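Trainee: Sequence:
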Amino acid sequence: MRRIASSILLVCLLVVVRHASAADTAVVEPAVPAIDSADALAHAGEECMVEFTVESARKLPGKAVCFLNSCRDHRDEKNFTVMIFKGGLDRLKADGIESPAEHFEKATIRVRGVIEDRDGRPQIVVEEPGQITIVKDGDEPAAAGQ
Numbered sequence: 297m298r299r300i301a302s303s304i305l306l307v308c309l310l311v312v313v314r315h316a317s318a319a320d321t322a323v324v325e326p327a328v329p330a331i332d333s334a335d336a337l338a339h340a341g342e343e344c345m346v347e348f349t350v351e352s353a354r355k356l357p358g359k360a361v362c363f364l365n366s367c368r369d370h371r372d373e374k375n376f377t378v379m380i381f382k383g384g385l386d387r388l389k390a391d392g393i394e395s396p397a398e399h400f401e402k403a404t405i406r407v408r409g410v411i412e413d414r415d416g417r418p419q420i421v422v423e424e425p426g427q428i429t430i431v432k433d434g435d436e437p438a439a440a441g442q
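Heads up: the sequence shown begins at 297 in our numbering, then just goes up one per residue.
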């Protein structure tokens with residue numbers, strides 16, 4: 297009888313320990329530096345968070361790509377671009393954002409990802425809805441490590 301009770305106790309402990317360790321392994325996004333869009337090119341190849349106001353946005357007609365730009369003229373050498381391709385567009389749509397160009401235009405956003413150098417201009421490709429958020433009134437400014 298003692299042996300059965302010990303076995304039951306051991307199984308219960310293993311279940312509790314396994315459950316506790318599963319809860320402890322929740323995905324936690326690592327801290328990344330928060331930078332200004334004007335400094336983004338210097339961080340090419342790094343994962344960063346960039347905060348800026350979307351001055352122009354458009355989805356190319358007949359193409360599955362959307363651009364969110366920090367400058368009105370996307371050719372401006374100071375422009376920072378967020379690119380959203382078909383997979384990202386589909387995931388944003390499933391998350392309730394039918395038209396990212398309309399949704400984010402003129403909004404201040406925070407975007408997180410690896411900064412790429414595209415012909416001397418910085419960009420981040422958004423693949424998941426969690427990479428991009430609108431900054432609301434009262435939100436804390438992006439700080440290093442957020």
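Heads up, a few of these hints could be off.
[Said to hold, decoys possible] In silico DSSO-like cross-links for lysine-lysine, where the CA-CA straight-line distance does not exceed 27 Å:
{"#": "1", "residue 1": "389", "residue 2": "432"}
{"#": "2", "residue 1": "432", "residue 2": "374"}
{"#": "3", "residue 1": "374", "residue 2": "359"}
{"#": "4", "residue 1": "402", "residue 2": "389"}
{"#": "5", "residue 1": "402", "residue 2": "355"}
{"#": "6", "residue 1": "432", "residue 2": "359"}
{"#": "7", "residue 1": "389", "residue 2": "355"}
{"#": "8", "residue 1": "382", "residue 2": "402"}
{"#": "9", "residue 1": "359", "residue 2": "402"}
{"#": "10", "residue 1": "402", "residue 2": "432"}
{"#": "11", "residue 1": "374", "residue 2": "402"}
{"#": "12", "residue 1": "389", "residue 2": "359"}
{"#": "13", "residue 1": "382", "residue 2": "359"}
{"#": "14", "residue 1": "374", "residue 2": "355"}
These are calculated hints, taken from the structure and not from any lab test. Just so we're clear, the structure is a prediction, and the values are computed from it rather than from any experiment.
Trainee: None of the hints should be skipped; say for each whether it holds.
Mentor: Hint-by-hint comparison with the structure:
1. 389 <-> 432: holds (21 Å)
2. 432 <-> 374: holds (25 Å)
3. 374 <-> 359: With a Cα-Cα distance of about 25 Å, the restraint between residue 374 and residue 359 holds, given a limit of 27 Å.
4. 402 <-> 389: holds (19 Å)
5. 402 <-> 355: holds (15 Å)
6. 432 <-> 359: Roughly 30 Å between the alpha carbons, so the hint for residue 432 and residue 359 is violated.
7. 389 <-> 355: holds (14 Å)
8. 382 <-> 402: holds (22 Å)
9. 359 <-> 402: Judged against 27 Å, a Cα distance of about 22 Å means the pair holds.
10. 402 <-> 432: holds (12 Å)
11. 374 <-> 402: holds (17 Å)
12. 389 <-> 359: holds (15 Å)
13. 382 <-> 359: holds (9 Å)
14. 374 <-> 355: Holds, at about 21 Å.
Hint 6 alone, counting from the list given before, is not met by this structure.
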